[in-house]
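Colleague: Protein sequence lines, in the order shown, are assigned to chains W and R. Residue numbering for the first sequence follows the working numbering, beginning at 101 and increasing consecutively. Residue numbering for the second sequence follows the working numbering, beginning at 13 and increasing consecutively.
What the hints contain is simulated information worked out from the structure, not anything from laboratory work. Some hints could be false.
If we take Cβ atoms under 8 Å as the criterion, some of the chain R residues that face chain W in the derived model are [unchecked claim]:
#1 24
#2 52
#3 56
#4 57
#5 59
#6 74
#7 80
#8 83
#9 116
#10 120
Every residue, glycine too, gets a C-beta built ideally from N, C-alpha and C.
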Amino acid sequence: NAGVTQTPKFQVLKTGQSMTLQCAQDMNHNSMYWYRQDPGMGLRLIYYSASEGTTDKGEVPNGYNVSRLNKREFSLRLESAAPSQTSVYFCASSEATRARNQPQHFGDGTRLSIL
Amino acid sequence: AQKITQTQPGMFVQEKEAVTLDCTYDTSDPSYGLFWYKQPSSGEMIFLIYQGSYDQQNATEGRYSLNFQKARKSANLVISASQLGDSAMYFCAMREAFTNAGKSTFGDGTTLTVKP
């Protein structure tokens with residue numbers, strides 16, 4: 101019963117370095133999401149994907165790119181990391197039909213520090 | 013645009029007492045869903061309870077209930093018989109029914125501390 105799996109759990113980068121955060125879900129959900137959570141704050145949507153092959157910008161997309169590799173996997177890439185991107189990153193998935201009562205299922209998060 | 017407001021940054025409650033966490037929302041969509049999530053200090057996000065805009069009755073899940081007042085656009089979470097393990101951050105979220113890809117908007121959260 102893995103649900104949503106994120107890797108890595110922790111990462112420290114230097115300014116300007118690049119990295120990719122990986123996310124995979126085994127619930128056969130259509131939609132996947134990437135959020136960031138800054139200290140003491142709620143979740144802000146970075147990018148989302150309604151289905152395999154589609155991606156859309158969320159509230160705070162600048163500095164990030166995403167790839168929906170297949171139905172299971174949705175990766176988030178930081179091309180040139182900046183200290184302002186220090187945050188906890190959550191991946192989530194949901195069954196996005198017109199069934200309104202489907203919550204999002206979250207991974208355990210990636211704690212990313214950029215020096 | 014959707015907006016979720018949680019006006020209580022922090023709340024304290026005595027163990028075994030009930031507590032209400034406030035959530036107000038703003039939307040022009042007549043069809044939407046409201047969710048509450050719990051985030052313990054370990055960091056994971058846990059789904060607690062759901063209320064649909066057309067649901068006639070307030071949602072309940074064990075010790076959690078949702079006080080849904082549609083005209084006031086409020087969806088307050090009530091936790092009965094608080095336990096020490098309820099200490100966590102709580103987020104209210106809303107999803108408009110036909111929003112592309114089921115996107116949700118989250119509030120900034122309320123930190124609940126249960127005192128022994």
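Colleague: Taking the least C-beta to C-beta distance, is residue 24/R closer than 8 Å to chain W?
Modeller: 17 Å, violated
Colleague: Going by Cβ atoms only, is residue 120/R closer than 8 Å to chain W?
Modeller: The hint holds - residue 120/R has a Cβ within 8 Å of chain W, the shortest such distance being about 4 Å.
Colleague: Holds or violated: residue 74/R as interface residue toward chain W, Cβ cutoff 8 Å?
Modeller: For residue 74/R, the interface hint is violated, since the closest Cβ of chain W sits about 16 Å away, which is over 8 Å.
Colleague: Answer holds if the nearest beta-carbon of chain W is closer than 8 Å to that of residue 116/R; otherwise answer violated.
Modeller: 6 Å, holds
Colleague: Given a cut of 8 Å on the nearest C-beta pair, is the interface hint for residue 52/R held or broken against chain W?
Modeller: 11 Å, violated
Colleague: Using the nearest Cβ pair, does residue 59/R come within less than 8 Å of chain W?
Modeller: With a minimum Cβ separation of about 4 Å from chain W (threshold 8 Å), the hint on residue 59/R holds.
Colleague: Does residue 83/R pass the interface check with chain W, least Cβ-Cβ distance below 8 Å?
Modeller: Cβ of residue 83/R sits 20 Å from chain W, so the hint is violated.
Colleague: Grab the minimum C-beta distance from residue 56/R to chain W and call the hint holds if it beats 8 Å, violated otherwise.
Modeller: With a minimum Cβ separation of about 5 Å from chain W (threshold 8 Å), the hint on residue 56/R holds.
Colleague: For the restraint on residue 57/R, tell me whether the closest CB of chain W is nearer than 8 Å.
Modeller: Where the cut-off is 8 Å and the nearest Cβ of chain W is about 4 Å from residue 57/R, the hint holds.
Colleague: Should the interface hint for residue 80/R be scored as holding, given a Cβ-Cβ cut-off of 8 Å against chain W?
Modeller: At about 14 Å, which exceeds the 8 Å cut-off, the nearest Cβ of chain W leaves the hint on residue 80/R violated.
Hint compliance for this structure: hints 1, 2, 6, 7 and 8 are broken, all remaining hints hold.
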